[in-house]
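Peer 1: Sequence:
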Amino acid sequence: MTKTRGKKNAHTGSVRGKTPPVEPQAVSAPPPVDREQRIISNEPFHPANDSPRTKQAKQSVNRLKQLDIWDPLTSVHRKLCSLDDPDFTTNATTFVDLIFKAHAELKDIIPEFKSITDKPRLATVARNVYSNLAAEIASYSDVDKALSLVLVHVARTLPAPKLSQEDIEDNAHTSAQFGCAYYGNTPDRFLESVTEHDRKFNELDPSKGKIYLRGTSIVQSSGTGKSRMVYECRHRTPLLYVCVRPTTADGLAMKGYPLADRGVRAFFEEAQKTHKDLCNLQIACFLGAWFSELAQRLAKLPTQQQKHDYLMQLNRLDNNAGENPQRIDFFLTVSELASDTLADADRSLNDRDDDLFGHYIRSPLRRLESEMKAIITHMNSLSPHHTASATLPVLVAFDDYVELNVDGVDEVNNPVKSLRRAWNYITRLQSCAGTPNFFLLLIGTSFEASRLF
Numbered sequence: 001m002t003k004t005r006g007k008k009n010a011h012t013g014s015v016r017g018k019t020p021p022v023e024p025q026a027v028s029a030p031p032p033v034d035r036e037q038r039i040i041s042n043e044p045f046h047p048a049n050d051s052p053r054t055k056q057a058k059q060s061v062n063r064l065k066q067l068d069i070w071d072p073l074t075s076v077h078r079k080l081c082s083l084d085d086p087d088f089t090t091n092a093t094t095f096v097d098l099i100f101k102a103h104a105e106l107k108d109i110i111p112e113f114k115s116i117t118d119k120p121r122l123a124t125v126a127r128n129v130y131s132n133l134a135a136e137i138a139s140y141s142d143v144d145k146a147l148s149l150v151l152v153h154v155a156r157t158l159p160a161p162k163l164s165q166e167d168i169e170d171n172a173h174t175s176a177q178f179g180c181a182y183y184g185n186t187p188d189r190f191l192e193s194v195t196e197h198d199r200k201f202n203e204l205d206p207s208k209g210k211i212y213l214r215g216t217s218i219v220q221s222s223g224t225g226k227s228r229m230v231y232e233c234r235h236r237t238p239l240l241y242v243c244v245r246p247t248t249a250d251g252l253a254m255k256g257y258p259l260a261d262r263g264v265r266a267f268f269e270e271a272q273k274t275h276k277d278l279c280n281l282q283i284a285c286f287l288g289a290w291f292s293e294l295a296q297r298l299a300k301l302p303t304q305q306q307k308h309d310y311l312m313q314l315n316r317l318d319n320n321a322g323e324n325p326q327r328i329d330f331f332l333t334v335s336e337l338a339s340d341t342l343a344d345a346d347r348s349l350n351d352r353d354d355d356l357f358g359h360y361i362r363s364p365l366r367r368l369e370s371e372m373k374a375i376i377t378h379m380n381s382l383s384p385h386h387t388a389s390a391t392l393p394v395l396v397a398f399d400d401y402v403e404l405n406v407d408g409v410d411e412v413n414n415p416v417k418s419l420r421r422a423w424n425y426i427t428r429l430q431s432c433a434g435t436p437n438f439f440l441l442l443i444g445t446s447f448e449a450s451r452l453f
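Under this note's numbering, residue 453 is the last one in the sequence shown; the count climbs by one each step, no gaps.
No lab work stands behind these hints: they were computed from the structure. Be careful, since some hints might not be right.
Unchecked claim - The calculated DSS-like cross-link candidates involving lysine-lysine, where the alpha carbons are at most 25 Å apart (straight line), are:
#1 K58 x K200
#2 K79 x K200
#3 K145 x K58
#4 K58 x K79
To be verified - Derived DEER-like restraints, expressed as beta-carbon distance ranges:
#5 E166 x S348: 47 to 55 Å
#6 D351 x D407: 42 to 50 Å
#7 K79 x E196: 52 to 60 Å
#8 S221 x K101: 46 to 54 Å
#9 K55 x D118: 28 to 36 Å
#10 N319 x A134: 17 to 25 Å
#11 N413 x Q313: 36 to 44 Å
#12 E136 x N319: 23 to 31 Å
#13 S221 x D85: 20 to 28 Å
#14 K55 x P120: 28 to 36 Å
#15 S222 x R63: 42 to 50 Å
#16 A266 x L382: 31 to 39 Å
#17 P86 x A266: 33 to 41 Å
#18 A134 x R347: 25 to 33 Å
Ideal Cβ positions, reconstructed from N, Cα and C, are used throughout, including at glycine.
Just need the whole structure built from these sequences, with the hints factored in.
Peer 2: Here it is as structure tokens:
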């Protein structure tokens, strides 16, 4: 029921197997055709105020205000804005009870509430949303709009569809393994090899050809050893990690761990429907959205330690049975931003690599490089065991990357090949910029994954 209301102001090296020796291989190719780069000044990625979630919140607020539970929900919302309130957990439980009471009406206004799960998990999501959005909520003078934003974030950050008890236990066991102490020196040897290859790339004689990109593939027949090894590297150098898995694997560790980052695969599936075979454009929009959103969130944090801590928290894969609400929120936001950007994209840019990648990637990359410098500086100030060498590149990892090719393998045109083209652009852009190098890691489990790289 609704009512009429007025406005108010207001581990081991592997979980299932041993980590195989990994030796990065330089990838060679004929030097790309030189083009005069066109720099397009207008930024294609909008600030947070124009994000899909904020827009949905603005569009929903008037209908939400008519709900019978709105007054008590607003009252609890005000209390939840005080994160240090000793009754914070109790208030979150009350908040969830009210959501369940109005579930039928809420899902008509915010469709994402249709996947509502059990109360304890929803309460966990609500607490995390209030913690993550504290600064943004405080900036609102209208409590209705602030609460609408919270509800949209809660709905879009809900866990995967309810799992069986066996699935939950399997997820909890597998995720816990990622938090165990890592025995052995495989990550150190891997990073030494990466650093050596990166140095050779810098010293390569241009007269003998140019490198195509800074990166390597890591392929293992099965198990999580390769992912666990790369995950451990986050203590040595900044790690930007994304996991792409088919939607049929959502929420199930037994079908692959780490769990798929919500929204990523769905973005590429939808992009192939609306912008079929424009793979360069799809990749450019996704990378630009990823780099832009991360740079923006890090830039809001005033100290190097806070930036470092945020990235480490974003990379947490070892608790909550594999569900990291902050990570879910982040990649859903990235995917939504990429979708909005793709919808407004100039399709003619798809065949002009440097124009395309320059338009969508250059500016976000430059801003993210600055944030990575700050994080590396902080890591260098820590104890020697956690030191990030100034010569180490930033690792950018795509796990189960073959799943980017949502329509299967096209030998000529597919998102993985477009990702390599984008990294060729990034490699050339960073070769003379004096910035941290971004080293691409493509993690796969099949012969096809090896062949694609």
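Peer 1: Each hint needs a verdict: does it hold in this structure or not?
Peer 2: Tested hints:
1. This hinted pair does not check out: K58 and K200 have alpha carbons roughly 52 Å apart, beyond 25 Å.
2. With a CA separation close to 57 Å, the supplied pair K79 and K200 exceeds the 25 Å bound.
3. As the CA atoms of K145 and K58 are separated by approximately 7 Å, the hinted pair is consistent with the 25 Å bound.
4. Only pairs whose Cα atoms come within 25 Å are accepted, and K58 paired with K79 is accepted, the gap being roughly 22 Å.
5. With their beta carbons about 51 Å apart, E166 and S348 fall inside the hinted range of 47 to 55 Å.
6. One distance hint, 42 to 50 Å for the beta-carbon pair D351 and D407, is violated here, with the actual separation near 19 Å.
7. For K79 paired with E196, a C-beta distance near 55 Å keeps the hint of 52 to 60 Å intact.
8. Taken as a hint, the range 46 to 54 Å holds for the pair S221 and K101, whose Cβ atoms sit roughly 50 Å apart.
9. The beta-carbon spacing between K55 and D118, approximately 29 Å, falls within the hinted interval of 28 to 36 Å.
10. Distance hint for N319 and A134: a CB-CB separation of about 21 Å, consistent with the stated range 17 to 25 Å.
11. As the Cβ distance of N413 to Q313 is approximately 37 Å, the hint placing it in 36 to 44 Å holds.
12. For E136 and N319, the hinted distance range of 23 to 31 Å is satisfied, since their beta carbons lie about 24 Å from each other.
13. The hinted range of 20 to 28 Å is not satisfied by S221 and D85, whose Cβ atoms lie roughly 51 Å apart.
14. Taking 28 to 36 Å as the suggested C-beta distance range, the pair K55 and P120 conforms, at roughly 30 Å.
15. Restraint check, S222 to R63: a C-beta distance of roughly 48 Å satisfies the suggested window 42 to 50 Å.
16. Taking 31 to 39 Å as the suggested C-beta distance range, the pair A266 and L382 conforms, at roughly 37 Å.
17. Distance hint for P86 and A266: a CB-CB separation of about 40 Å, consistent with the stated range 33 to 41 Å.
18. For A134 and R347, the Cβ-Cβ distance of about 40 Å falls outside the hinted range of 25 to 33 Å, so the restraint is violated.
Consistency with the previously given hints fails for numbers 1, 2, 6, 13 and 18, ordered from lowest to highest.
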